[in-house]
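Chemist: Spelled out, the chains give:
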Amino acid sequence: MNIPADLKYTKDHEWIKIEGEHAIVGITDYAQGELGDIVYIEVDTEGETLDQEETFGTVEAVKTVSDMYMPVSGEVVEFNGDLEDSPETVNTDCYGDGWIVKIKMSNPGEVESLLDSEAYKNLIS
Amino acid sequence: MEQLVLNDIHVEMGGKMVPFAGYSMPVQFSGLIDEHHTVRNAVGVFDVSHMGEFFVRGPGAQELVQRITSNDVSKLFNGKVQYSCFPNERGGIVDDLLVYQLDNQEYMLVVNGANVDKDWAWVIKNNKDEVNISNESKNISLFAIQGPKATEVLSKLTNADLASMKYYTVTKAEIAGIPDLIVSTTGYTGSGGYEVYVQNEKAEQLYRKILEAGQEFGLKPIGLGARDTLRLEMGFCLYGNDITDDTSPIEAGLGWITKLSEDNDFVGRAHVERIKSEGVKRRLVGFELSEKGIPRKDYPIFSSDGEEIGIVTSGTMAPSVGKAIGMGYVSTGHNGEGNQILIGIRKKKIPAKVVKFPFYKG
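Same order as they appear, the protein sequences are chains A and B.
In terms of this note's numbering, the first sequence opens at residue 1 and continues consecutively.
In terms of this note's numbering, the second sequence opens at residue 1001 and continues consecutively.
Quick caveat, the hints were computed from the structure, so don't treat them as lab data.
Some clues are possibly wrong.
[Stated by the list, open to error] Here are the simulated lysine-lysine pairs, DSSO-like style, with alpha carbons at most 30 Å apart: (1) 1016/B to 1075/B; (2) 1172/B to 1259/B; (3) 102/A to 1075/B; (4) 11/A to 1016/B; (5) 1080/B to 1361/B; (6) 11/A to 1297/B; (7) 11/A to 1347/B; (8) 1259/B to 102/A; (9) 17/A to 1292/B; (10) 102/A to 1348/B; (11) 102/A to 1080/B; (12) 11/A to 102/A.
[Claimed, not checked] Sample of chain A residues with no beta-carbon within 10 Å of chain B, all distances over it, derived: (13) 31; (14) 48; (15) 58; (16) 61; (17) 81; (18) 112.
Computed from a predicted model, the values in this text were never measured in an experiment.
Every residue, glycine too, gets a C-beta built ideally from N, C-alpha and C.
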């Protein structure tokens, strides 16, 4: 199970990578493995400002559908458009090309409430 | 929760186990889409031992099966299998099943795993003449070998002439050194193949031999996930989704298994007759999405002008069709082929088109 040490995690299996006032968000290796073959990613919140833990999109595997939640509050500034045609990238490279949205954080202090890689590892083991 | 006889083998082979029908069942192995294509293009083996097997034997056997199933059992002959259902007393469906005529006055009824207890109670309730019936569900394992290479795989393990068996027939054969196995040309995938019934004690021996024989043909174990996408591409009904205690076989497009011939006086026949003569208010249809999205069970269906006209009963991304497909009930008048409908997916209404079954045309 791949759980990079430089990322923060939510209990709902999103990861977040902080880049100044922006952050990249995706779903974890554990999440993609549990979902199985991902066939559709729907994000229609681009341009919207959402609260921490609000739904920003949906990930659909062949058999299941799951919401994705904002790890911290902020504006969804970009959706990874490559996933429209190749949602399976989330299965093959969830921390790289399979990133899902870029957000502009409105309350970076919320990052403190997230899990580090050790705590996330404990959550899923 | 019950364990399959082969539970440890499934786990060893990477099976992801989930509770289903009271059993811990493998939902996937190598990956759902890979497994799906394996069955369409080569061959896969399913452990569907959760399915139930009832035997009806001796005097009155044919009469009892005729009475509780909607199809016409008198049309069967020894070695023939028939798709049928148990209609209930109010026009709905207790379960769908396969009826095997193994011999004169000897039938095997194969029912859905999730319904074994309900079905058995139903058979007992309707067995007024005390025909010899037995529920062997817990003693029998069932493997489905499905796909274009199925005959080649199984033929390596038997001298029986499986290749000449017609669709929906049954024979007894020695396979993998195990005598008298019930083997039928049935399945739930639309890719052809066999289903083999085996006593639990011999299940592992048979399964290992199938894996071994299948190696050169690329055979893989297949989970319930791919079983669902494969059946849905064919438009085969899934009990609990597309047909239930509250759906009429006529609404579900199963009129072809409800035979109203004179000598077929089955339980619930009056309801079926009434529905056939009055006409149905809704119809089970297949549809394809015209835009992105995936239909799921219980999503609402709307007419093209936004009126709610029905509900989705099954849906998926279909690997061999390359589209998002679904089945659902719509009000009569909206069920014509090519009719434009809308599927309510979260906050959106996604356009879809009514299409004929099967979705996958081989």
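Chemist: None of the hints should be skipped; say for each whether it holds.
Modeler: Against the structure, the hints:
1. 1016/B to 1075/B: violated, 42 Å
2. 1172/B to 1259/B: holds, 28 Å
3. 102/A to 1075/B: violated, 64 Å
4. 11/A to 1016/B: holds, 22 Å
5. 1080/B to 1361/B: holds, 25 Å
6. 11/A to 1297/B: holds, 27 Å
7. 11/A to 1347/B: holds, 26 Å
8. 1259/B to 102/A: violated, 60 Å
9. 17/A to 1292/B: holds, 29 Å
10. 102/A to 1348/B: holds, 23 Å
11. 102/A to 1080/B: Roughly 61 Å between the alpha carbons, so the hint for residue 102/A and residue 1080/B is violated.
12. 11/A to 102/A: holds, 19 Å
13. 31: holds, 14 Å
14. 48: holds, 13 Å
15. 58: Incorrect as stated: the minimum Cβ-Cβ distance to chain B is 7 Å, not above 10 Å.
16. 61: violated, 8 Å
17. 81: holds, 13 Å
18. 112: holds, 32 Å
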